[in-house]
Amino acid sequence: MNKVTFPHMGESFRAFKMLLNDMGNEVILPPRPTLNTINLGVQYAPEFACFPLKILMGTYLEAIQKGANILVTTGGVGPCRAGLYAELHKKILHDLGHPIEMIVFEPPRLYPLNFIRNVYKLNHAKLSIKAIIERIKKGWRKLQALDNAEKLTHIIRPRELKKGTTTQKYKQVLEWIDDANTFNDIIEAETVALEELHKIPQEPDRLVVKVGIVGEIYVLLEPTANLEIEETLGNLGVEVERSMFLTGWARDNTWKETVEGMTVKDAALPYLPELIGGHGRDSIGNTVLYAKRKFDGIIQLAPFTCIPEIVARTILPAVSKDYDIPVLTFFLDEQTGKAGMNTRLEAFVDLMKRKKLKNNTKPQYGHPPGHLFN
Amino acid sequence: MQAYLGIDVGSVSTNLIIQDQAGEIIASLYLRTMGRPVETIQAGLEQIAQALPEQIQICGVGTTGSGRYLAGVMVGADVIKNEITAHAVASSHFIPEVQTILEIGGQDSKIIILRDGIVTDFAMNTVCAAGTGSFLDQQASRLGIPITEFGCLALKSTNPVRIAGRCTVFAESDMIHKQQMGHPVPDIINGLCEALVRNYLNNIGKGKEILAPVAFQGGVAANAGIKAAFERSLGIEIIVPSHYDVMGAIGAAMLAKEELVGTQQTTGFKGFSIAGLTYHTKSFDCQGCANNCEIAQIFEEDRVIGRWGARCSRWDILQEG
Numbered sequence: 001m002n003k004v005t006f007p008h009m010g011e012s013f014r015a016f017k018m019l020l021n022d023m024g025n026e027v028i029l030p031p032r033p034t035l036n037t038i039n040l041g042v043q044y045a046p047e048f049a050c051f052p053l054k055i056l057m058g059t060y061l062e063a064i065q066k067g068a069n070i071l072v073t074t075g076g077v078g079p080c081r082a083g084l085y086a087e088l089h090k091k092i093l094h095d096l097g098h099p100i101e102m103i104v105f106e107p108p109r110l111y112p113l114n115f116i117r118n119v120y121k122l123n124h125a126k127l128s129i130k131a132i133i134e135r136i137k138k139g140w141r142k143l144q145a146l147d148n149a150e151k152l153t154h155i156i157r158p159r160e161l162k163k164g165t166t167t168q169k170y171k172q173v174l175e176w177i178d179d180a181n182t183f184n185d186i187i188e189a190e191t192v193a194l195e196e197l198h199k200i201p202q203e204p205d206r207l208v209v210k211v212g213i214v215g216e217i218y219v220l221l222e223p224t225a226n227l228e229i230e231e232t233l234g235n236l237g238v239e240v241e242r243s244m245f246l247t248g249w250a251r252d253n254t255w256k257e258t259v260e261g262m263t264v265k266d267a268a269l270p271y272l273p274e275l276i277g278g279h280g281r282d283s284i285g286n287t288v289l290y291a292k293r294k295f296d297g298i299i300q301l302a303p304f305t306c307i308p309e310i311v312a313r314t315i316l317p318a319v320s321k322d323y324d325i326p327v328l329t330f331f332l333d334e335q336t337g338k339a340g341m342n343t344r345l346e347a348f349v350d351l352m353k354r355k356k357l358k359n360n361t362k363p364q365y366g367h368p369p370g371h372l373f374n
Numbered sequence: 001m002q003a004y005l006g007i008d009v010g011s012v013s014t015n016l017i018i019q020d021q022a023g024e025i026i027a028s029l030y031l032r033t034m035g036r037p038v039e040t041i042q043a044g045l046e047q048i049a050q051a052l053p054e055q056i057q058i059c060g061v062g063t064t065g066s067g068r069y070l071a072g073v074m075v076g077a078d079v080i081k082n083e084i085t086a087h088a089v090a091s092s093h094f095i096p097e098v099q100t101i102l103e104i105g106g107q108d109s110k111i112i113i114l115r116d117g118i119v120t121d122f123a124m125n126t127v128c129a130a131g132t133g134s135f136l137d138q139q140a141s142r143l144g145i146p147i148t149e150f151g152c153l154a155l156k157s158t159n160p161v162r163i164a165g166r167c168t169v170f171a172e173s174d175m176i177h178k179q180q181m182g183h184p185v186p187d188i189i190n191g192l193c194e195a196l197v198r199n200y201l202n203n204i205g206k207g208k209e210i211l212a213p214v215a216f217q218g219g220v221a222a223n224a225g226i227k228a229a230f231e232r233s234l235g236i237e238i239i240v241p242s243h244y245d246v247m248g249a250i251g252a253a254m255l256a257k258e259e260l261v262g263t264q265q266t267t268g269f270k271g272f273s274i275a276g277l278t279y280h281t282k283s284f285d286c287q288g289c290a291n292n293c294e295i296a297q298i299f300e301e302d303r304v305i306g307r308w309g310a311r312c313s314r315w316d317i318l319q320e321g
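Top line first, the protein sequences correspond to chains A and B.
For the first sequence, counting from 1, position 240 maps to 240 in the working numbering; every step adds exactly one.
For the second sequence, counting from 1, position 202 maps to 202 in the working numbering; every step adds exactly one.
Certain hints may be false.
[To be verified] Below, computed lysine-lysine pairings styled on BS3-like, alpha-carbon distance capped at 25 Å:
| # | chain 1 | residue 1 | chain 2 | residue 2 |
| --- | --- | --- | --- | --- |
| 1 | A | 292 | A | 353 |
| 2 | A | 292 | B | 208 |
| 3 | A | 353 | B | 178 |
| 4 | A | 210 | B | 208 |
| 5 | B | 208 | A | 358 |
| 6 | A | 90 | A | 121 |
| 7 | A | 3 | A | 66 |
| 8 | A | 162 | A | 199 |
| 9 | B | 208 | A | 294 |
| 10 | A | 321 | B | 206 |
| 11 | A | 321 | B | 208 |
| 12 | B | 156 | A | 338 |
[Said to hold, decoys possible] Simulated DEER-style distance windows between Cβ atoms:
| # | chain 1 | residue 1 | chain 2 | residue 2 | range |
| --- | --- | --- | --- | --- | --- |
| 13 | A | 201 | B | 264 | 21 to 31 Å |
| 14 | B | 264 | A | 198 | 28 to 38 Å |
| 15 | B | 53 | A | 194 | 30 to 40 Å |
| 16 | B | 32 | A | 91 | 24 to 34 Å |
| 17 | B | 288 | A | 198 | 54 to 64 Å |
| 18 | A | 188 | B | 288 | 28 to 38 Å |
| 19 | B | 202 | A | 74 | 49 to 59 Å |
| 20 | B | 285 | A | 168 | 16 to 26 Å |
| 21 | A | 305 | B | 304 | 33 to 43 Å |
| 22 | B | 283 | A | 87 | 34 to 44 Å |
| 23 | B | 23 | A | 339 | 24 to 34 Å |
| 24 | B | 202 | A | 136 | 50 to 60 Å |
No lab work stands behind these hints, which were simulated from the structure alone.
These numbers were taken from a predicted model, which means no experiment stands behind them.
In this text, a Cβ means the ideal position worked out from N, Cα and C, and glycines have one as well.
The shape of chain A in the complex, shown without the other chains (with noise of 0.2 Å):
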């Protein structure tokens, strides 16, 4: 019997397994990546390799220790590493004497053959074209309603009355939407969810920041390679946008929200015209959109050693300087601790709030810090 998994990469596997079980496959869910997760991968990755590798290295292994023996990942094209890591990761495996079989996706517009031979591979109950094409809208559907109950968790976490009432009622709606199997009920199950985060007690007046989350489509996914720094930053009273769903939706808010109704590679151009792998030019891009939109800071996320990401880094401090707006990179890996982390983000909180306070012409509460020392 086949059974199947794949990365694991925040909530989406939700979506995913209903897809692979739609098309009759046993899915093996692919366990959410713990320290010890992490310590496999680091034991069985190349030292240098980048953390997304060291991850899915550890998740895979997790994952045929439950049974799996087939694992569908995607590739990749242009010049980031990261498209070759599902031959390494077979090759490694193999090696360790796991006899697995890797499905590779390679994007479906470059390379159709691949798309469709892919497909036939999973698809066990013998669906037809059309009900494989349903039940993928389907999936992306699911996926979209997980990213939307995310999303509205960014914005009320940090103006919550109760600190941990939104990640609390969040973990019970990404049930709902999980229970959800048919098109209807993946629609009623995100009202619901939407309108159940909605209730939550929450202070209007509070001095809320707004942070740009920019850098690396991996680390940026799984909140375990970013130690959570989401919901670290909602508890600091920061409301986060993330310009990277897998459904790409907050991209194409961005574009709308912009004067100029920009596109992130039309931002990226006076600083980057090239494509440089990875996720590099979209980093700069979106951190000229969202200093246009009038966030006050970014957060960059990099996999330690992560070429494109450090060509960005060394391209922000221009783009911070022309906007005005503070950038605070970092690079991940299995040595980050989080107590650094947190230092860092306590500071830089306080540097937007106080640039916030000083500028805004009515204080928001109290006394505008500063002033009593000035």
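Put chain B on the given structure of chain A with help from the hints.
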């Protein structure tokens, strides 16, 4: 008279200060943490209480430094703040037009950029503690020179010696190499000061616009050799504020005052008498998920007053009760 208490618990030193309403420093204390923050905080509270005039009443407490949470729950702090904000606030109190703060402490070093009194950028050392106070301490004791005289010796150097400064291990081997070639100690120490400054500016200071006035604070600011090396390298006069070694604690006290004035609340300070209580820490592995976080619990007598080490909010303590 009303006053504010600031406590900065760092890796190497624990500092306490008392500041009056007008911003004057009434008492200050610089103690070595010696790896025992709880005992050091208690000893510090006892000593500073004795140094205070009778009529002083503490109406606000702030803590900072890597031990800020521990200190915070012990004393009942009104504000628990990161070191960067604390240093920036204190520095702009003494030098209102300051634009750059160089801070080198025991285990970390940072640069803070301010414009118009507001922090606009900062950086902290990430992967390596090369060039911080601990390393200077270690080298001073290897050479048998008291750390207090270390910097002044560098000023006596007449012949520059170049020391590799990227990593403390290489720096030490290089110092030994130069010493075995017969270079006098002042030249080697001066070379070390220049190497540390080079390392600092290339790593932490990379891409930052360093404009005057520049303040230099933290324990290492006592080192005249490092200060001189910064001045040579930047071509700017470096100001070392008179309370350079306790600036973090001063910032914490000022932030406590700001917070309490802003929110109109009264202090949660438990009083100097906590110096007589017993504190101990116990830890356990949480079995809630596969992360197996090691949760540390600090007890005041038999009561849990703080927990940390968790990646989720499961073990958070309710502040009431």
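Verdict for residue 305 (chain A), residue 304 (chain B) (Cβ pair) under range 33 to 43 Å
41 Å, holds
A range of 54 to 64 Å was offered for this pair. Does it hold for the Cβ distance of residue 288 (chain B) and residue 198 (chain A)?
29 Å, violated
Pair hint outcome, residue 3 (chain A) versus residue 66 (chain A) [Cα-Cα no greater than 25 Å]:
Holds, because 10 Å separates the two Cα atoms, which is no more than 25 Å.
Against the 25 Å threshold, does the CA-CA distance of residue 353 (chain A) and residue 178 (chain B) hold or violate the hint?
49 Å, violated
Next pair to validate is residue 156 (chain B) with residue 338 (chain A); report whether the Cα-Cα distance is within 25 Å.
43 Å, violated
Take the C-alpha atoms of residue 90 (chain A) and residue 121 (chain A), compute the straight-line distance between them, and say whether it is at most 25 Å.
Judged against 25 Å, a Cα distance of about 17 Å means the pair holds.
Would the pair residue 292 (chain A) and residue 208 (chain B) pass a check requiring their Cα atoms to be no farther apart than 25 Å?
23 Å, holds
If you check the beta carbons of residue 188 (chain A) and residue 288 (chain B), does the distance land in 28 to 38 Å?
With Cβ atoms ~32 Å apart, the hint holds.
Please verify whether residue 208 (chain B) and residue 358 (chain A) have alpha carbons no more than 25 Å apart.
Holds: residue 208 (chain B) and residue 358 (chain A) sit about 22 Å apart, inside 25 Å.
Looking only at beta-carbon atoms, does the pair residue 264 (chain B), residue 198 (chain A) fall within the given range of 28 to 38 Å?
32 Å, holds
Starting from the range 24 to 34 Å, see whether the pair residue 23 (chain B) and residue 339 (chain A) falls in it by beta-carbon distance.
The hinted range 24 to 34 Å holds for residue 23 (chain B) and residue 339 (chain A), with Cβ atoms some 31 Å apart.
For the range 30 to 40 Å, tell me whether the beta carbons of residue 53 (chain B) and residue 194 (chain A) fit it or not.
60 Å, violated
In this structure, the earlier hints numbered 3, 12, 15, 16, 17 and 19 are contradicted, and the remaining ones agree with it.
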